[in-house]
Amino acid sequence: MSDSKDKGGLSRRGFLQGSGAVAAATALGTIPTGASAGQQAGGNGQQVPGMGPNGVKLSLNVNGRSMNTTVEPRVTLLDALRNYLDVTGCKRVCDRGSCGACTVLVDGKPVYSCSMLALEARDKPIRTAESLVAGAKLDAVPEAFARFDAQQCGFCTPGFVVAMKAVLEANPKATQAEVERGLCGNICRCGTYEQMRDAIYSLCNQQRRT
Amino acid sequence: MKNFTYFRPTTAEQAVALLENRWGNTELLAGGTDLHDLQKEYVAQPSRVVSVTGIGALAGIRVDEKQATIGAGTKLAAIAEHADLRRHFPSLCEAASDIGGPQIRNMGTLGGNLCQRNRCWYFRDEHTPCLLKGGQRCYALDGENKYHAIFTQGRQCVIVNPSTLAPALIALGAGVNILGPKGRRSTDLAKFFFSPANANDREHTLAANEMVLEVTIPVRNWANASYEVRQKLSYDWPLVQAAVAFQGGRNGAKATGVRIVLGHVAPTPHIAEAAMKALEGRDITDANATAAGRAAAEGAKPLSQNAYKIRLVEVAVKRALLMAAGMKRYWEM
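Protein chains in written order, with this note's numbering: chain A, 1 to 210; chain B, 1001 to 1333.
Some hints could be false.
Unchecked claim - Straight line, CA to CA, 27 Å or less: simulated DSSO-like cross-link-like pairs of lysine-lysine:
no. : chain 1 : residue 1 : chain 2 : residue 2
1   : B       : Lys1146   : B       : Lys1002
2   : B       : Lys1301   : B       : Lys1232
3   : B       : Lys1232   : B       : Lys1040
4   : B       : Lys1328   : B       : Lys1191
5   : A       : Lys57     : B       : Lys1133
6   : B       : Lys1146   : B       : Lys1133
7   : A       : Lys109    : B       : Lys1133
8   : B       : Lys1301   : A       : Lys109
9   : B       : Lys1232   : B       : Lys1328
10  : B       : Lys1191   : B       : Lys1133
11  : A       : Lys137    : A       : Lys173
12  : B       : Lys1002   : A       : Lys124
13  : B       : Lys1277   : B       : Lys1191
14  : B       : Lys1040   : B       : Lys1133
15  : B       : Lys1133   : B       : Lys1301
16  : A       : Lys124    : B       : Lys1040
17  : A       : Lys57     : B       : Lys1191
18  : A       : Lys137    : A       : Lys109
As the list claims (entries may be wrong) - Not close to chain A: a few residues of chain B, all C-beta gaps over 12 Å, as computed:
no. : residue
19  : Thr1010
20  : Ile1104
21  : Ala1199
22  : Ser1304
23  : Ala1307
Stated by the list, open to error - Facing chain B, according to a computed beta carbon distance under 10 Å, are these residues of chain A, among others:
no. : residue
24  : Val93
25  : Leu138
26  : Phe148
No lab work stands behind these hints: they were computed from the structure. Where is the CB? At the ideal position from N, CA and C, for every residue including glycine.
Given the sequences, and given the hints that come with them, work out the whole structure.
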């Protein structure tokens, strides 16, 4: 990488010294300024290494396994999982963070893997729909989906079960309304929402009111 | 999307040092929910992307007796769920908890919400050479403009600012701390936003080599609320938003220091001066809230398809005022 054109006419040393002094004088908040900047200015301008644009070695922790590949920086987590690591539970539908079919858990929280770079997911546990089955035994969430026929084409299902699992893991006593709210970011174009509601009611140990 | 070189600094100073003094070639990456969309449409084509997710100190919420400080890297979900923030600033937490769905709130950040690009479909379309992409005209002026601005006077580009946190924060009197090559500076959030008119402009006043560090909100025990009119209950931008804050206004006390800020009606969050004046020193009653709503819509110059937003402004302001004053929510009965 080259850093020479990035300074807009300021030398790196001059900038770091300047910002360090101002930060030390104002000391507004928690964001570290003085110390780290001062150290850098004194340490011959330590540079932040760039990665890419060519392939970069990538190691991801997927469903408890360490997986390795090489991707360009522009490769999303979704594409890395599906196209590079053959983890195909997460689906590519809108690829714009609107439909939820690509939902995976990163650090236990549901995110759109289509809108996150694979490089941003390094060092974080990633869980996909594949984590909801052990051998022949299905997790309670996909099991409820199967029992209540909560899918038609099934393409959105991996995203829905992962999003639903996240709600119930965060709060095993979640109400039906809370589970439904946790699914706001997912779309089923076959419209099997009513059967999904049946599955949710069963998971919340509630009778469906009709 | 076009490929790029990826940087992941660990301090804000390193991040700012990697930025350039013009927009376009280098972009900051936080949650990615906006930037990657723009890259996939080739509306943004940076050759360098500077991720701020490695800057641990950029995320975090502190609330003391005098002020709340929220780091720019704080996730929207963390803002929505924070007990102290919710106690002092229900308007902010309600606005945060209604953004997108859970996935968006787990990814999106405060800084990203304030600095995101607008949602105009002409701007977002790679092949439409609108003003903000170096073209000669705004296609929404006489095109499909039902979600665009109604306060259009003097505007060449009639986008609406997409942030729902901004109106709530401005009504609460928030400030923003910014880091640039010359060090830190602070400004009122009310002065942070900008009405863009060409490819060198953004929806805010940051220079290309600056970044938002944190937002500060004074703790004053003012009543506050935010009300959004939406087409869908979830996962959508509001059609119109009203955020209000005032001192008193409860238990027979007059409302003073009234702040009323509208979202999604102008290229920047819109401070409704006439409505603030109309309500200043008065009781929050149904009649006074209705009058303030009418005053808030004064001066609107809607486009061909969005005059409906005028009525929505009147209603949103009225409901936000009644909510903040703790009065009955007649629309929920």
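Against the structure, the hints:
1. B:Lys1146 x B:Lys1002: With a Cα-Cα distance of about 32 Å, the restraint between Lys1146 (chain B) and Lys1002 (chain B) is violated, given a limit of 27 Å.
2. B:Lys1301 x B:Lys1232: Distance ~26 Å between Lys1301 (chain B) and Lys1232 (chain B) Cα, so the pair holds.
3. B:Lys1232 x B:Lys1040: Distance ~26 Å between Lys1232 (chain B) and Lys1040 (chain B) Cα, so the pair holds.
4. B:Lys1328 x B:Lys1191: violated, 34 Å
5. A:Lys57 x B:Lys1133: Violated - the C-alpha atoms of Lys1133 (chain B) and Lys57 (chain A) are around 35 Å apart, more than 27 Å.
6. B:Lys1146 x B:Lys1133: holds, 21 Å
7. A:Lys109 x B:Lys1133: Violated, because 36 Å separates the two Cα atoms, which is more than 27 Å.
8. B:Lys1301 x A:Lys109: This hinted pair is violated, its Cα atoms lying about 43 Å apart.
9. B:Lys1232 x B:Lys1328: holds, 23 Å
10. B:Lys1191 x B:Lys1133: holds, 24 Å
11. A:Lys137 x A:Lys173: holds, 23 Å
12. B:Lys1002 x A:Lys124: The hint holds at about 26 Å.
13. B:Lys1277 x B:Lys1191: Holds, at roughly 20 Å.
14. B:Lys1040 x B:Lys1133: holds, 16 Å
15. B:Lys1133 x B:Lys1301: With a Cα-Cα distance of about 25 Å, the restraint between Lys1133 (chain B) and Lys1301 (chain B) holds, given a limit of 27 Å.
16. A:Lys124 x B:Lys1040: holds, 25 Å
17. A:Lys57 x B:Lys1191: violated, 43 Å
18. A:Lys137 x A:Lys109: Judged against 27 Å, a Cα distance of about 23 Å means the pair holds.
19. Thr1010: Check fails; 8 Å does not lie beyond 12 Å.
20. Ile1104: violated, 6 Å
21. Ala1199: holds, 19 Å
22. Ser1304: holds, 27 Å
23. Ala1307: Non-interface label stands for Ala1307 (chain B): nearest chain A Cβ at 28 Å, farther than 12 Å.
24. Val93: violated, 13 Å
25. Leu138: violated, 23 Å
26. Phe148: Hint on Phe148 (chain A): violated, closest Cβ of chain B at ~22 Å, above 10 Å.
Violation of the numbered hints given earlier is confined to hints 1, 4, 5, 7, 8, 17, 19, 20, 24, 25 and 26; the remaining hints are satisfied by the structure.
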